[in-house]
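Novice: Residue strings, one per chain:
Number of protein chains: 2
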Amino acid sequence: MSTHPLDKALALAHSDIRAGLFTGATSPDYWNMVGPFGGTTAAVMLQSVLKHPELLGAPVALTVNYAAALEAGAFEVLAIPVRTNRSTQHWTIQMSQAGAGGQPHITTTATAVTALRRETWGANDLPMPQVPSPEEVERVSIGPARVAWISQYEMRPISGAIPTKWDGSGDHSETRMWLRDAQPRALDFASLAALSDTFYPRVWLRRAKPVPIGTVSITTYFHADAAHLAEIGYGYLLGRATGQQFQNGYFDQSAQLWSEAGALLATSNQIVYFKE
Amino acid sequence: MSTHPLDKALALAHSDIRAGLFTGATSPDYWNMVGPFGGTTAAVMLQSVLKHPELLGAPVALTVNYAAALEAGAFEVLAIPVRTNRSTQHWTIQMSQAGAGGQPHITTTATAVTALRRETWGANDLPMPQVPSPEEVERVSIGPARVAWISQYEMRPISGAIPTKWDGSGDHSETRMWLRDAQPRALDFASLAALSDTFYPRVWLRRAKPVPIGTVSITTYFHADAAHLAEIGYGYLLGRATGQQFQNGYFDQSAQLWSEAGALLATSNQIVYFKE
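Residue numbers (numbering that gives the first Met the number 0), protein chains in the order written: chain C, 0 to 275; chain V, 0 to 275.
One thing to keep in mind: the hints can contain errors.
[What the hints assert, rightly or not] Okay, the calculated bits of chain V under chain C, using three or more residues with CB under 8 Å as the criterion:
| hint | region |
| --- | --- |
| 1 | 52–63 |
| 2 | 74–85 |
| 3 | 109–116 |
| 4 | 218–225 |
| 5 | 242–251 |
| 6 | 263–271 |
[Stated by the list, open to error] A partial selection of chain C residues facing chain V, derived with a Cβ cut-off under 8 Å:
| hint | residue |
| --- | --- |
| 7 | R82 |
| 8 | S172 |
| 9 | G248 |
[Stated by the list, open to error] Think about it this way: if two alpha-carbon atoms lie no more than 16 Å apart in a straight line, the pair counts; the simulated EDC-like pairs of lysine to aspartate or glutamate are:
| hint | chain 1 | residue 1 | chain 2 | residue 2 |
| --- | --- | --- | --- | --- |
| 10 | V | K274 | C | E118 |
| 11 | C | K208 | C | E135 |
| 12 | C | K50 | C | D6 |
| 13 | C | K7 | C | D28 |
| 14 | C | K274 | V | D170 |
| 15 | V | K208 | V | D170 |
Source of the hints: derived by calculation from the structure; they are not laboratory data. Virtual Cβ for every residue (Gly too), placed ideally from N, Cα, C.
Please construct the entire structure, taking both the sequences and the accompanying hints into account.
Specialist: Have a look at this one:
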């Protein structure tokens, strides 16, 4: 069996120099317009934590800041467990690339919290919207152009699909869609981190105008454990994303991912630069 | 005129050793049950960026991770502009305290994005709920106990006030309240960062049960510029917070802060540990 494209993108080699230092490379399979799909970069940042020999528990929170454009090719990731408590661990993570002059520069920063979780009381105050089943919704390519990463996902938009007419007629910013990896792969924390960033920029929907954009920061909270994700396996997730405030060059969008059975697996927020 | 308690809490002295290194101290005025109010700590982290000589622009995003308990007393904050682009700047920030053996340890990590913002098209897709005016709503102390920080805020809960009977009868997790500093102070980015954390833990409301809690990470996005905040001055803000997923020891809560005129000034999310 060949390696899944996401596992290729997530491949990190331990460095001999220091624990937590890894080398990897951008993936052509997840290329976006002018760099890698940000969801993959977020997943790689998380993966460096998951592969760290001192890892405690499983991901609870991840914030990734896109500081500079990533170029195609090799990168380094350094994950540091800055604080380990009894049941929680706090991480700082940096990705860097060698510049034109061979001088490495930081492209991406992140923080993560991992934790040993115990069974407690629980409740979902953000129930899954009532929507048609995945089989009732047509699969489409919702990409703005022929970019590679889009074809790595099976997307079945229920509402708020990417505009087909860029005529400035937009009046809301909510998308609901069923989604999963296009090639079968069991759900895990890294793929969930990437899936949290699969919603196209809300400003395009809101304005029906394809202005230049770039995510500057994304924060994802994880509400499931590894066993639960593995059990979902290759099932569909319901994704919902909506814009909040669009103001002077930046807007934020809020997203949720539920299992088909209605479990809220991840909540995610990002703030995005836009032009004009 | 005496110094406002928040300005005392935010007081940071530049270090001679290196740019971006500051010394400060926890504030008794904002003491919580077993440490400083997390909102003040978030504001201090942001303040180190705002006081950095190389600052570009104004805050867009701030993520603060509470890695270890802060003890009463002195701390150091180190703010580093890891990447400065044409119109954006990416920051990593760490707070540390000297331990029992005099060995400094990291208590708090953060990342921030600041930016030069230009006027663009804008829209608010999260309009302010219709609520009674501040004058129509009674001022109350919504603290879980007599903790100092609560008295630094004027809070007028419209709905979802802290339970008065801890009888396990909770059935929702939404609070709406008017709020502002108790002692007059014009709104700015630091106070907005602190105000974003003034919502008591949603699990207490949801369960009507005061279980032990602790925020592990908070992310706030800023949607206004300094002039807009200054113009709001000492006006009331409408705050809304709601829980999302409560699961195996952690829950997330989402919050918004609007000006009385209905401008969405900040959106904030946090993930909180809870026991049982």
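Novice: Run every hint past the structure and note whether it holds.
Specialist: Evaluated hints:
{"no.": "1", "hint": "52–63", "in the structure": "holds (count 3)"}
{"no.": "2", "hint": "74–85", "in the structure": "holds (count 3)"}
{"no.": "3", "hint": "109–116", "in the structure": "holds (count 5)"}
{"no.": "4", "hint": "218–225", "in the structure": "holds (count 5)"}
{"no.": "5", "hint": "242–251", "in the structure": "holds (count 9)"}
{"no.": "6", "hint": "263–271", "in the structure": "holds (count 4)"}
{"no.": "7", "hint": "R82", "in the structure": "holds (4 Å)"}
{"no.": "8", "hint": "S172", "in the structure": "holds (5 Å)"}
{"no.": "9", "hint": "G248", "in the structure": "holds (5 Å)"}
{"no.": "10", "hint": "V/K274 / C/E118", "in the structure": "holds (10 Å)"}
{"no.": "11", "hint": "C/K208 / C/E135", "in the structure": "violated (29 Å)"}
{"no.": "12", "hint": "C/K50 / C/D6", "in the structure": "holds (13 Å)"}
{"no.": "13", "hint": "C/K7 / C/D28", "in the structure": "holds (9 Å)"}
{"no.": "14", "hint": "C/K274 / V/D170", "in the structure": "violated (43 Å)"}
{"no.": "15", "hint": "V/K208 / V/D170", "in the structure": "holds (12 Å)"}
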